[in-house]
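Asks: So the protein lines, in turn, are chains A and B. All the letters of the first sequence, read from the start, carry residue numbers 237 to 486 under the working numbering. All the letters of the second sequence, read from the start, carry residue numbers 5 to 900 under the working numbering.
To be clear, the hints were calculated from the coordinates, so they are not data collected in a lab. Some hints here could point you the wrong way.
Calculated lysine-lysine pairs in the PhoX-like style (CA-CA distance at most 25 Å, straight line) [what the hints assert, rightly or not]:
1) B:732 to A:476
2) A:414 to B:681
3) A:455 to B:681
4) B:81 to B:138
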Amino acid sequence: MSSLKYFIVVFLIISYTNVSSQDNKWVKIEYTQAMGRHITNASLFFDNNESIYLFGNHTKIDTTSYTNLIYNITDDIGSVIYKNHSENKLLTREASATEVKLINDDFPNLNWTITEETKKINELSLTKAHTNFRGRNYIAWYCDQIPVNNGPLKMGGLPGIILELKTTDGFLNVSFDKINYQHTKPVVIHRILNKYDRIITQKQSVEENKQFVENLKAKLKAKLPRDVEIKINVDEFLEKEFKLENEKQN
Amino acid sequence: MLIKSLLILKYNHFIVLFILLASKYLVAQTTVSGTIKDENNQPISFANIILKPENSQSVVAFAYSDNSGNFLLKTTKKGKFLLHFTGLSYKTTTVPIEIIDEKQQIVQNAVLNYQPVALKEVIVNAERPITIKKDTIVFNAHSFAIGNEQVVEDLLRRIPGLNVSNDGTIKVGNQEVEKVMIDGDDFFEKGYKLLTKNMPAHSIDKVELLQRYSNNKHLKGIENSDKVALNLKLKEEAKRQWFGNFSAAHDLVSEKRYELKSNLMNFGKKNKYYFLANLNNVGKDAIGDINQLIRPFRWNEPASIGDNQNAFNLLDLGTYVPNLKQKRVLFNNAELLSLNAIFTLSEKVKMKTLGFFNWDENDFYRNSFQSFIVRNTSFENTEDFILRKKKITGFGKIDFTYDISKTKTIEYTGKFNSTNEENRSDLTFNGDLLNEKQKSNNQLFDQKLVITNKFKDNKVILLTGRYINEKTPQNYSVNQFLFSDLFTENANNTVQTSENKMQFVGFDAHLMNKKTNGSLFEFQMGNQYRTDDLISDFQLKENEAIISQPLGYQNKISYHVNDIYLNTKYRYKFKKYTFFSQLDLHQLYNQLETMENKQTQLPFFVNPKVGIVWEINKTNKLSTSYSYNTTNASILEVHNQYILTGFRSFSKGTGTFNQTDASTILLNYSLGSWGQKFFATAFLMYNKNHDFFSTNSTISQNYSQSEKIIIKDRESITFSSNIDRYFKSVSTNLKITLDATKSNYKNSVNNAHLREVKSNSINYGLELRSGFKGVFNYHIGSKWNFNEIKTSSTHSFTNNMSFLDLFFIFSDKLDIKFQTERYFFGSLDRNNNTYNFLDLEARYTVKENKLTFSLSGNNLFNTTTFKNYSISDISISKSEYRILPRHLLLKMEYRF
Numbered sequence: 237m238s239s240l241k242y243f244i245v246v247f248l249i250i251s252y253t254n255v256s257s258q259d260n261k262w263v264k265i266e267y268t269q270a271m272g273r274h275i276t277n278a279s280l281f282f283d284n285n286e287s288i289y290l291f292g293n294h295t296k297i298d299t300t301s302y303t304n305l306i307y308n309i310t311d312d313i314g315s316v317i318y319k320n321h322s323e324n325k326l327l328t329r330e331a332s333a334t335e336v337k338l339i340n341d342d343f344p345n346l347n348w349t350i351t352e353e354t355k356k357i358n359e360l361s362l363t364k365a366h367t368n369f370r371g372r373n374y375i376a377w378y379c380d381q382i383p384v385n386n387g388p389l390k391m392g393g394l395p396g397i398i399l400e401l402k403t404t405d406g407f408l409n410v411s412f413d414k415i416n417y418q419h420t421k422p423v424v425i426h427r428i429l430n431k432y433d434r435i436i437t438q439k440q441s442v443e444e445n446k447q448f449v450e451n452l453k454a455k456l457k458a459k460l461p462r463d464v465e466i467k468i469n470v471d472e473f474l475e476k477e478f479k480l481e482n483e484k485q486n
Numbered sequence: 005m006l007i008k009s010l011l012i013l014k015y016n017h018f019i020v021l022f023i024l025l026a027s028k029y030l031v032a033q034t035t036v037s038g039t040i041k042d043e044n045n046q047p048i049s050f051a052n053i054i055l056k057p058e059n060s061q062s063v064v065a066f067a068y069s070d071n072s073g074n075f076l077l078k079t080t081k082k083g084k085f086l087l088h089f090t091g092l093s094y095k096t097t098t099v100p101i102e103i104i105d106e107k108q109q110i111v112q113n114a115v116l117n118y119q120p121v122a123l124k125e126v127i128v129n130a131e132r133p134i135t136i137k138k139d140t141i142v143f144n145a146h147s148f149a150i151g152n153e154q155v156v157e158d159l160l161r162r163i164p165g166l167n168v169s170n171d172g173t174i175k176v177g178n179q180e181v182e183k184v185m186i187d188g189d190d191f192f193e194k195g196y197k198l199l200t201k202n203m204p205a206h207s208i209d210k211v212e213l214l215q216r217y218s219n220n221k222h223l224k225g226i227e228n229s230d231k232v233a234l235n236l237k238l239k240e241e242a243k244r245q246w247f248g249n250f251s252a253a254h255d256l257v258s259e260k261r262y263e264l265k266s267n268l269m270n271f272g273k274k275n276k277y278y279f280l281a282n283l284n285n286v287g288k289d290a291i292g293d294i295n296q297l298i299r300p301f302r303w304n305e306p307a308s309i310g311d312n313q314n315a316f317n318l319l320d321l322g323t324y325v326p327n328l329k330q331k332r333v334l335f336n337n338a339e340l341l342s343l344n345a346i347f348t349l350s351e352k353v354k355m356k357t358l359g360f361f362n363w364d365e366n367d368f369y370r371n372s373f374q375s376f377i378v379r380n381t382s383f384e385n386t387e388d389f390i391l392r393k394k395k396i397t398g399f400g401k402i403d404f405t406y407d408i409s410k411t412k413t414i415e416y417t418g419k420f421n422s423t424n425e426e427n428r429s430d431l432t433f434n435g436d437l438l439n440e441k442q443k444s445n446n447q448l449f450d451q452k453l454v455i456t457n458k459f460k461d462n463k464v465i466l467l468t469g470r471y472i473n474e475k476t477p478q479n480y481s482v483n484q485f486l487f488s489d490l491f492t493e494n495a496n497n498t499v500q501t502s503e504n505k506m507q508f509v510g511f512d513a514h515l516m517n518k519k520t521n522g523s524l525f526e527f528q529m530g531n532q533y534r535t536d537d538l539i540s541d542f543q544l545k546e547n548e549a550i551i552s553q554p555l556g557y558q559n560k561i562s563y564h565v566n567d568i569y570l571n572t573k574y575r576y577k578f579k580k581y582t583f584f585s586q587l588d589l590h591q592l593y594n595q596l597e598t599m600e601n602k603q604t605q606l607p608f609f610v611n612p613k614v615g616i617v618w619e620i621n622k623t624n625k626l627s628t629s630y631s632y633n634t635t636n637a638s639i640l641e642v643h644n645q646y647i648l649t650g651f652r653s654f655s656k657g658t659g660t661f662n663q664t665d666a667s668t669i670l671l672n673y674s675l676g677s678w679g680q681k682f683f684a685t686a687f688l689m690y691n692k693n694h695d696f697f698s699t700n701s702t703i704s705q706n707y708s709q710s711e712k713i714i715i716k717d718r719e720s721i722t723f724s725s726n727i728d729r730y731f732k733s734v735s736t737n738l739k740i741t742l743d744a745t746k747s748n749y750k751n752s753v754n755n756a757h758l759r760e761v762k763s764n765s766i767n768y769g770l771e772l773r774s775g776f777k778g779v780f781n782y783h784i785g786s787k788w789n790f791n792e793i794k795t796s797s798t799h800s801f802t803n804n805m806s807f808l809d810l811f812f813i814f815s816d817k818l819d820i821k822f823q824t825e826r827y828f829f830g831s832l833d834r835n836n837n838t839y840n841f842l843d844l845e846a847r848y849t850v851k852e853n854k855l856t857f858s859l860s861g862n863n864l865f866n867t868t869t870f871k872n873y874s875i876s877d878i879s880i881s882k883s884e885y886r887i888l889p890r891h892l893l894l895k896m897e898y899r900f
């Protein structure tokens, strides 16, 4: 009788630890992201299948003055990229002053070239890889000691988590600051997937952005006083080209 | 039968050929597939499978398992490999695999055992590309440089968050940087382009972006600052090298017009040198470029006591030309040489030296016709004025900074200036030729000591001491005698020697306390003592002999003003409102010593100021303020005998003390922000002078004498507004401006009663500017100016200035700009009331920031003279000025 009790207790303990460890299987990586003129803190929460990458919530460069251009308005969650491999979902969440929208995209087909170059940061060993995606050349450093197909923004598809990501033209530079384990699934995922004003495709989003930038550039150039001329370079969006992705990664 | 078999043969061949060809293009691949499961026989999805050679870490192929735990790897390689199975929370399993055949199909399953993540939390301590520390963001230059950067400007373009415009202006967001420092040292303040466009990029280790920047490092976080600055840190082993640029321009057409400029720099970690030379005769005032080194423009900053004190020039042979760009009317021949250095004597002590020499010759031409209409008197004067100015300036400044501790700093600044001016003029006045000779000297000796002590994190005290000694001796002689109506003597020339000696001693203690709720409390007290000695000798001469020194025209006066003051300032922010208030208390001691008597006065006054800023919402902002100011008379308003201030004008002060009071109300409203489609601002100011200095003048053909008098009540109201509206369909911005000022005051002329003078002016303008993406862009505008002065009669005029600019940007290397202006004067006669100018600027960049050629054409219509029409309460004048003739310069800029 007592041995049965003992057995039950042990079983409960084992199953409890099993269950709870499964709840805490999420990993959090904190990055510093510089994209164009905006430098922000970013976080990637992931497990084997799902992940969210939060960025664009609060820019680190504060230029509050009377003549500041209100350029980047977002809400408390900010911009997010949600990935779900089993459901084949890749969503981008963008919040502006007027609406929250979700942009539906296909997983990119990244043909990475993995080099033999490695470097060490703390006890982690990183390997360098490069590819080209939507008009830019990317260099990524991944760590196969964390064998997850993921990384900042829409990147992934390497035999380890991407800890550093940058574009060769200097537009994007993301580097990691901290990794910690044993997190639970973030509750904000539910809000991201369910609270939004409209959902559009990546193609529609590209068109809308193009219109916005053209108007803004023309407007700024036309407002200058006499004897002042400027040339505005368009590099406002990370993805410069867009082609329909037929093949899905994985 | 034969044909059929032939056809079948052909068909078979074709198939065989096809198969043979096809097999050639079929890739020979080995596939490795399988299923991964865990200990409980559950499939593991999204586990990692990597194929690496037996004794190498390079990745040959990799794949992920799908939802059902299946995976598929493909490779064309052969040999001995290791297949690694890894997954988050699983122990890695490695299986050796040998690929012998190119078309193998290997099946390899795996079972992975659960293993809790063994890796501890990782916090990176290595150097990051971007490090954020409160208000400072540090960028590691190496992480952002591509390798082809030549100059610092190229490197700064790669730093995220920095916006470098086409002409090199560096902005963070919409805010221009205050300065670009090298290891904390700065030469140029807002003239930083001289540095960023010339200094080589390879010696930069880090770029620091400093937000909420304060010029005095101890004031950071205490004073409300929204300034931004950059600090470039040099690599330790950066070899010191000389670098700089050189540009030469010469007139292509006829006249010998030229411009030579050179900058030479050498920046090391310990010592930094900067040399500058500028020689030109194209109307460019080179001192403008280094003015920020001499008198750094720090408006309203703490420890600026004495910045507003300077001696007076009693007589100035005026070379003022309204309305036109200076480069059109400045006939000059200037040479400027400047030497600057910063020495880091030790970790705590820094010394900065600045010196320059400037030789300048200016020619000035003016013809004018003045109609005086005053009550019952009216007459006309014609002047034909040619002036030659020769000016030599020598200036030196030395600056010592000693950091006593992390929170205490002592700074000493010493300035010395000596200017020698010799002016000669040929003046044909109403048909008579007279020559003026003026010798002017300015000697300045200025010392300042500032001790800053940040005794708490949010409290700072600044102690300032300042001593200024400035002299302006002048000698002025005219070889004709115009004052036979004033003096009975039989003179034929006049001489005046004058000098204003000024000494200033000031002490100031300023406490700043930043409260936790963000409000700022300031308390300031001090003592300022200024003494002016004014001497003027006016002599009537017959040839060389002095025949008279008339009474009433000699000054020997000492004016001492001592001001003990106390100021408190409070600035408080609550939700959308910001309140600010200020109270100034002054106890003055005035003493006036003349040859006859000595007067003293002890006035006390209180000057309050209050204001509110209300940010109604993100697009609407309203601010208003009220202030009451008392101003104590200066030496020019106090001396009691006449001084000659021009070849036919005398002026004198009241002979006694005076304080004038004024109340000012300001109202400011802005709608929208600069980047929005619609943006408007409106500004209203009402000013009432409760008493003010006016004049009692005697005007006659050959002379005018004005005496300062105190009058009560003068009012003025000014309104100004701007509207910007952007039209998307035509990519054009419309700008409308409107300014109106109405003021009235009183004065007296020719011993009549006080009369009222009403002055109104209205300016309105319209501008259209395009924002096209392509090669071409335009900017067109027109501005009208209406002026009216009413006394017993009314005079008015309407002028117009219109412009059209055309821009062509053919490529990154070539761009051309045309600028045309048209000036119209409503009250001049039809033949002389319109003036047109055309300028052209073409730039060709051979190599960006290395070699550039430009062609600059100025005044291509060759307009030789410019007439101007203006009115005052006693006269109407039409003046004609000579313009720099057409010149076409070919300029080459080279960086080494």
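Asks: The structure should be examined with respect to each hint, and the outcome stated for every one.
Replies: Each hint, compared with the structure:
1. B:732 to A:476: holds, 24 Å
2. A:414 to B:681: violated, 42 Å
3. A:455 to B:681: Satisfied, since the Cα-Cα distance of roughly 7 Å is no more than 25 Å.
4. B:81 to B:138: Violated, because 52 Å separates the two Cα atoms, which is more than 25 Å.
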